[in-house]
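Student: Chain by chain, the residues:
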Amino acid sequence: MTLRQLLRKVFLIDFLEGFAITGPYTFKKVYTEQYPKVPAKVPPRFHGAPRLNVDPETGKTLCIACDLCAQACPIGLIEVQRERNAETKRWELKGYTYNAARCMFCNLCAEACPTNALELSQTFEYAVYDMKELYWDKAALEKGPTVVRFTK
Amino acid sequence: MVELFMQYLLWPLVKIIVVVLFLVLMVMAMTYAERKVVAHIQVRLGPMRVGWHGILQPVADTVKLLFKEDIIPIKADLPVFILAPILVAIPAFLVFAVIPFGPAPFYIADINVGILFVLAISSFGILAILLGGWAANSKYPFMGGLRSCAQMISYELPMGLAVVSVLLVAQNLSLVSIVEWQQKSGWWLFALQPVAFVIYFICGVAETNRCPFDLPEAESELVGGFHTEYSGLRFAFFFMAEYINMVAISALTVVLFLGGWLRPFPNVAWLSFLDYVPPVVWFLLKTFFFLYLYLWIRGTFPRYRFDQLMAVGWKWFLPITLANCIVTAGVLLFFYYR
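Residue numbers (my numbering), protein chains in the order written: chain A, 1 to 152; chain B, 1001 to 1338.
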């Protein structure tokens, strides 16, 4: 032990340094979130529950039934049911299922979508008691999950 | 007759009830404050759910402890097992019989050997802890009891010697007279005895089994220490005794070194506006500062290893306090009593 170390010990310098570190921490901003009581804030790029967007003016779906999302999905949980219109030669959307139970929120489907119809929203509170309820059809995807808040 | 009754029975009884209620309230406040302060040091929130910012948490804890099942191990030494929590709580309360919260009516008793009484009673608490560790007839409590005993005995010595140097200066054993001496001389004793002051408080932390000297109840090593096998109300007694001892050590530090109920600079005339604050409030403010320091220490320092603990006690504090005593006595002898 050098003389310097000894003097530091005897005059409790190390102790005071320790106090100087923890003291200000007492008044720092707290990191803890009061989650179920206060809704959690998610970062802007958060990927949550999928949503099929509709045209805000007409209320019709933006989906053009191109099937790109289903092909992009690594898990293959998207199913697009479509039919070619004989007159216009365009694909028409007949049904859309999204197995939200198996989704890993990679966002590849939303990136593949040419019309921004499919989007992963910020909602993440959609736990249900039956897994079958997580097979979302077109109507459910357009509506979005209903968030049930805990109350006493 | 009525006067005697008032003086020796009714009046002390009222004081005792007030002090006991104050202590129980302090225990509850301290458990809450400890969780909150340590939480905020660690940038957490601490209890938040029971009442406003968890203010009713101590009440909830008390209710929980009251209704918990009282488990007594089959192989426990039953009479000792039952006796230990009682014996640990009694001396904790008893110390406050001589602690002056303020001038004349604000203490229960002013006995002429006050500080010796305090030291004797607090050593009695160690015995109860050892009994508690022994009675459960289980390994971890026994280890905890042994550690506790070794630690408290080795820290009692420098603590006593630190007190001796105070007594040498103040020339009195009564706690009230020590404070009055500080008033007369105009010096708080920590200014005259800084070494004794620091060592007294550190030994006090060790004496109450608090962090960083909490080896007897080190959760990570000994499960819970001497009170591992206790549950419910009996555990609550150990818990309460520990917190009351913390209050006692803080109060004693204030009385011995920080001028008890005196305002800062008791003899400086232009500070006399500070006298509008009642003496008891000054006393409590200083005590609360030391209680906060306890929590601050807990949030700051890691636990000592057992050999380090013993080394600090025997190789540092004991020689330093001894030297301090001798130097104090020498200075008094050669410069003061010539």
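Note that these hints are calculated values from the structure, not bench results.
A hint or two may mislead.
Computed Cβ-Cβ distance ranges for the label pairs, DEER-style [as the list claims (entries may be wrong)]:
(1) 23(A) x 1232(B): 56 to 62 angstroms
(2) 121(A) x 1043(B): 29 to 35 angstroms
(3) 146(A) x 1056(B): 29 to 35 angstroms
Glycine included, C-beta positions come from ideal geometry on N, C-alpha and C.
Student: Give a verdict on every hint.
Tutor: Against the structure, the hints:
Restraint check, residue 23(A) to residue 1232(B): a C-beta distance of roughly 37 angstroms breaks the suggested window 56 to 62 angstroms. For residue 121(A) and residue 1043(B), the Cβ-Cβ distance of about 31 angstroms falls inside the hinted range of 29 to 35 angstroms, so the restraint holds. The supplied range of 29 to 35 angstroms is met by residue 146(A) and residue 1056(B), whose beta-carbon atoms lie about 34 angstroms from each other.
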